[in-house]
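With chain A fixed as given, assemble chain B onto it according to the hints.
As given, the protein sequences belong to chains A and B, one line each in that order.
Plus 12 on top of the position in the first sequence (first one is 1) and you've got our numbering.
Plus 12 on top of the position in the second sequence (first one is 1) and you've got our numbering.
Hints are computed from structural coordinates only; laboratory data are not their basis.
In this text the structure is predicted, and so the values were computed from the model without any measurement.
Idealized CB from N, CA, C, for every residue including glycine.
Worth double-checking, as some hints may not be accurate.
Now the stretches of chain A that chain B is said to cover, found in silico as 3 or more residues with beta-carbon under 8 Å [to be verified]:
| hint | stretch |
| --- | --- |
| 1 | 91–100 |
| 2 | 133–141 |
| 3 | 147–154 |
2 protein chains.
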Amino acid sequence: MTGGAGFVGSSLVDQLLESGIEVHVVDNFSTGQKRFLEQKPVNVHDVDLLSSGAPLEEIFAGANCVYHLAANADVRSGWDHPFHDLEQNVKVTIRVADACVKAGVADLVFSSTGSVYGEAHLIPTPELAEFPVQTSLYGASKTAAEGFLAAFTERGNLKVTVMRFVSVLGPRYTHGHVLDFVTQLTDHPLFLDVLGNGWQRKSYMHIDDCVRALVSLRGSQPFEVFNLGTSEFCTVRESIGWIAAELGLSPEIRFGVEDRGWIGDNPFIFLDVTKAEIHGWVTNRSIQSSVVDTVRWINANGWVMDLASCRK
Amino acid sequence: MTGGAGFVGSSLVDQLLESGIEVHVVDNFSTGQKRFLEQKPVNVHDVDLLSSGAPLEEIFAGANCVYHLAANADVRSGWDHPFHDLEQNVKVTIRVADACVKAGVADLVFSSTGSVYGEAHLIPTPELAEFPVQTSLYGASKTAAEGFLAAFTERGNLKVTVMRFVSVLGPRYTHGHVLDFVTQLTDHPLFLDVLGNGWQRKSYMHIDDCVRALVSLRGSQPFEVFNLGTSEFCTVRESIGWIAAELGLSPEIRFGVEDRGWIGDNPFIFLDVTKAEIHGWVTNRSIQSSVVDTVRWINANGWVMDLASCRK
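For reference, chain A alone in the conformation it holds in the complex (with noise of 0.2 Å):
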């Protein structure tokens, strides 16, 4: 598993120890933390998957599966380095491919993003929605990862799942709306800024949920794509009355004035997840719910907002 250390990755290592499966990281720790994975029977790899030595092959050599979950997940940093979303994120996933045919690895699941369909006219949005227009680097270096690895599947003896996921809260939760919402407040609870004019629709789901999923969920072609997230949304302004009412507070809101809180922001994001139910997955928990338990996990690891602090 690339990117073990991180929110999903590491939930999904528990999980999968949990079941009896002997797991390898692979994960430079550039944003995974260490501590999500200490006192856990699990091989750590300290690699750099950008290294042209990291030795992968080698790695994934006499596994079932491969679960490449390593990304540059920050969305708005994007046009300062073009290159960067480019390099983690395309680069990176084909190297992963290259190395899971070169070792035999049947199996591989990618995590990707409802981003990849830019501002869909379809909403909810299906798997088979329209050919996408892209609206970020991050997006658009999702979209092409996704490109590649459907490719190598063509020559066949790999299969490919990729799940677009929404955002995913819950215990581990280092980056986001809801670290970045409870972080300000804690250091001025009197007053909260929001980037846009929290209109903005956005659907996410609770990390227990997203684990069903990367256990569970596989089809029978060699290239499968499903949508995962719940089926409701709601808005940046929903979201951030159940923080404050978990916080016990009730700050001044500054909105912006735009639509969207950054460049390549997307207004309205709800995934169509009918595939992925018919294939038995359900989601457990409501999106409430999901942003509550977030902030009651990050109010119990104070160092979390550190982090965050530290990334402005």
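Same frame as chain A, but now just chain B:
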């Protein structure tokens, strides 16, 4: 114009010069031909677009339009060098787009391919076909490049027009099945080896039609896509018939057994060009006349057969 010494590029150069437009060509002559630009009042920059020191911003400064035609167009070689398409077709495109933004160029035209649709379910395939599943590293790389370009237009001030070509035929054709077949039949007139069973159906267009599209077709959105091709297709068998007739030969034709020529070859490419037609562009040349024109040009320019032989 990047790739301005190539087949399409140099033909476009001629047309632009004829219209009195000042043209700067950026080409590393890896596949471009110096002879295509000889005796022409054009500014040639012998630059490798992958070199981090390539002074693109300076070259682009003051330009009204950048045509980005440079690419690795060898659809078949991908698997030996899985990063080749990524570097040549994606990284270079990001570099060109970034330089356009920095140099204040308003108009970027990108040569893409019908291969971006993978194996389309809807044929003829419109621009808004369903979310594609890639079948080749080449198609994946062009799709990826398109996606990054779309993301760049979100920043504002850059307008991108993507032209998704079928294969182009006509004078200066230096690459593809017609050259392969004419070269073979010149070497051994009595037989012809064909990749695949010959029932692959493809659409082609003439370079004159292609150049007219590149010059004239623009849409109103910051990111616009046009399919370019003829409103007909032919089988490889038909194409062979026209080539052999033009050469006055009746070779034994030795077909393969597969329904495609190589891994990632698409057995049926046929694009819906209604959008381009609505914008006033029509093709003047049939596929048959384009094939015949190509055979005549190859025969009159034997050096191009030596090129084909050297590539083997």
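Tested hints:
Counting residues of the stretch 91–100 of chain A whose C-beta sits closer than 8 Å to any C-beta of chain B gives 4, which meets the bar of three, so the coverage hint holds. Judged by the Cβ-Cβ criterion of 8 Å, the stretch 133–141 of chain A is covered by chain B as claimed, because 3 of its residues qualify and three suffice. Judged by the Cβ-Cβ criterion of 8 Å, the stretch 147–154 of chain A is covered by chain B as claimed, because 6 of its residues qualify and three suffice.
The structure agrees with every numbered hint stated previously.
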